[in-house]
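Trainee: This is what each chain is made of:
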Amino acid sequence: MATLADRDTRSDPLDAFRQEARDWIAANFPPALKGVDNTMSAVEGPSDPSPDEEAWRKAMGDKGWGVPTWPKQYGGGGLSRAEARVLGEELARAGATNPIGGMGVMMFGPTMLEYGTEEQKLEHIPPIARGEIRWCQGYSEPGAGSDLASLQTFAEDKGDHYLVNGQKTWTSGGQWADKCFAIVRTDKTKKHEGITFVLIDMKDPGVEVKPIRLISGQSPFCETFFTDVKVPKSDRVGAEGEGWTIGKRLLQHERSSLSGGGSASRLFGGVPLGKLAKEYRGEDAAGRVGDADLRMRIVRHEMDSRAFALTLRRAALEAKSNQGPSAATSIMKNVGARITQERAELTLEIRGMQGLGWEGEGFAEDEIAATRGWLFGKAVSIYGGSSEIQNNVIAKRILGMLDHQ
Amino acid sequence: MAVLTEEQTMLRDLAREWVDNEAPVTAWRKTRNAGVPAGYDAEVWKTQAEMGWAGVLIPEEHGGVGMGYLSLGLVLEQMGRNLVASPLAATAAATSAILLGGSDAQKAEWLPRIASGEVVATVAFDEGPNFAPGRVATSVTDGKLTGTKAFVAEGDSAQLFIVSATDGVYLVSGDTGVTRSTRAMADARSHAAITFAAAPADKLAGDPDLATKVADRAAVATAAEMLGLAEAAFAITNDYLKTRVQFGQLLSSFQALQHRMAKMFTELELMRSAVEGALEAIDSGRSDVDQAASLAKAIAGDVAKLVSREMVQLHGGIGMTDEHDAGLFLKRSAMLETMWGNAAYHRERFARLNGY
Ligand SMILES: Cc1cc2nc3c(=O)[nH]c(=O)nc-3n(C[C@H](O)[C@H](O)[C@H](O)COP(=O)(O)OP(=O)(O)OC[C@H]3O[C@@H](n4cnc5c(N)ncnc54)[C@H](O)[C@@H]3O)c2cc1C
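Protein chains in written order, with UniProt numbering: chain Y, 1 to 405; chain G, 1 to 356.
Please keep in mind that the hints were generated in silico from the structure rather than gathered at the bench. Computed from a predicted model, the values in this text were never measured in an experiment. We put the beta carbon where it would ideally sit given N, CA and C, even for glycine. Hints are not guaranteed to be accurate.
Pair ranges (Cβ atoms, derived) [to be verified]:
1) G/Phe265 with Y/Gly78: 52 to 60 Å
2) G/Ser181 with Y/Glu20: 40 to 48 Å
3) G/Ser181 with Y/Gln152: 46 to 54 Å
4) G/Phe265 with Y/Arg314: 37 to 45 Å
5) G/Pro133 with Y/Glu361: 22 to 30 Å
6) G/Ala198 with Y/Lys34: 43 to 51 Å
7) Y/Asp366 with G/Gln159: 33 to 41 Å
8) Y/Asp366 with G/Thr212: 48 to 56 Å
9) G/Gly143 with Y/Glu361: 27 to 35 Å
Please model the entire structure based on the sequences and the hints provided.
Mentor: Pasting the structure below:
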């Protein structure tokens, strides 16, 4: 793989932009934040941002570079994909993480850009681009998980507004969110065509959230109850009954962000497993990981991870040349989930009992974080469309196999 | 299923009935939530001892019922099914050390008190986070033992420790020169680090393989607990798939899931044979207990891991919640997979024993 240093020596049409990005980062990125990245921040809710963090978020937000490819008129950076990639490289080089993220950036924004009216875009997208607002996803219900279209939350037409009643569940970040993009039923007689996409203010009377504790000990998600919640029709996205199409499009954004570059770059960050294994398990006489069985499984995992990274790259190149998604995209979420979980399992195994610490004395912070991360990571093959549902999609849509009778 | 004597059948059925009626998973959840330092309910342990479980390995002349390892395994399997918190497995491992290496005086001193449930005993071999029986720095001078043992099961409450030192295996009672440091771990059971500072120690007889034999018995007992755990995780998952409706159908009607369940069922059958085979090998005094133990623990490790991870996955979102039992099974399984050598350790040992 070409390293950043290699690129520097090549003459590149993006050189000018690279220099601009580098200078801007140098002028605006507080050095104290170098290398600071809380991978659990998305699920742990808001922490008290330091003045440095606040300044960095504001700088990135004002510049539009938190969402570099979004159009300028809605607060985005207006960059090309190539420029955005260069920006990402320069941020990584400076040890900076993008402070603007969450469901607004990953899922809702891109969907809104496609389906929102001009007024809706102007109202909702700039606050996301500046990192000023948190969105949550009101999709799942107790009876509607994998089978999302079975949802029952009902929006009754009251002329200029809807009255929403029902229950959502597994609402990530519901207790911290300002707004919720939800799919609700407006017609009980039709399954898919009876669904409508609406935006709900989480501060509205009638919205109640109850946090649920996860097996990792964290409570990053909620049951959400709606009782006579008034949703103005101006907060409906698309036409009534078009919610399934819009909602599914949003799921595509969710899946690609869950499988894409983000998790891959994280995979290659952190301590390499081989090094960790030598540290915790010792070396044999030849300087190899002491446990031969473990050693080969680490290697198999490492090879899988590299094949995954190469696939991500190939898919990106193919998409660019074909102007459409590559067939390989369909496997990304499942491979990403598998690799993430395998890595956590191997880390646990390498550390033995030291890898199963829960809290308190005798464990380093990163050891406890790894235990909790191992448990939380069991969700990556469940949320955003479980691995089984992804396989069904691959079999039916890509391979043309039949629906289960 | 192993061929059981009438007595063993009774023991198993009683254990199963008691575990299901008196110690469901909700009981463990309550103990966990209460944060009891010992990691188990002392009253419940008393009842288990009254039923004869603490003395299941101990001969009648020392106050036990002398039924052997298959019987112990039957009880541990039932406890594993409901994640019953009990010092039985640790105490039984310690008991096996006294039975194998104890003098008449040592047996007479400790076994009756263990059989009655008065003394909780445990084995303290490891000095690091991984099972590594060869790595021992703990030493004894003038009958005083000094060293630190890591992650000792039931270390918070044990009154008797079976400790490996550079020159053999020792009995150390918990009262003098012993410091316990609690370790809060994912399974919420007791795993303390124990520091011995010139603790009075009583040597067990000098069979050079004593530590290995004890570790093998502990590994097999652990595998028996894992068998119960894996079977329950499987059964709960199977029941769930038969009640959860998505796409207008029960999940159990999807062939993708049926085949996964069929595969797990197959693996569980192999696991049962390997575990029961090892228990029987110990009882019949076979010379290849080491191989049988490694086979059992390696397969148990792989299968319990498979089934406990699938339990979470196949329950979907509900399986990720603390309120559901799947997480309790997952965490306990990971701990048992690690104790007394994980699957990788035992595959490697099996290879060595077979000259590969
Ligand atoms: C940590 C976490 C965060 C989440 N955040 C959100 C959120 O913010 N907003 C939101 O709306 N939802 C959220 N979810 C919900 C998530 O999208 C659902 O859990 C998921 O869609 C699965 O639905 P379910 O839990 O009802 O499982 P079920 O649909 O009941 O599935 C149970 C099991 O059966 C399998 N299965 C189901 N149908 C089939 C089939 N046809 N063929 C083969 N296998 C099948 C599944 O793959 C799974 O293994 C979150 C979930 C988790 C765990």
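Trainee: Determine for every hint whether it applies to the structure shown.
Mentor: Hints, verified against the model:
1. G/Phe265 with Y/Gly78: 52 to 60 Å: holds (57 Å)
2. G/Ser181 with Y/Glu20: 40 to 48 Å: With Cβ atoms ~55 Å apart, the hint is violated.
3. G/Ser181 with Y/Gln152: 46 to 54 Å: Distance hint for G/Ser181, Y/Gln152 holds at roughly 52 Å.
4. G/Phe265 with Y/Arg314: 37 to 45 Å: holds (39 Å)
5. G/Pro133 with Y/Glu361: 22 to 30 Å: The hinted range 22 to 30 Å holds for G/Pro133 and Y/Glu361, with Cβ atoms some 26 Å apart.
6. G/Ala198 with Y/Lys34: 43 to 51 Å: Distance hint for G/Ala198, Y/Lys34 holds at roughly 49 Å.
7. Y/Asp366 with G/Gln159: 33 to 41 Å: holds (35 Å)
8. Y/Asp366 with G/Thr212: 48 to 56 Å: violated (34 Å)
9. G/Gly143 with Y/Glu361: 27 to 35 Å: With a Cβ separation near 31 Å, G/Gly143 and Y/Glu361 satisfy 27 to 35 Å, so the hint holds.
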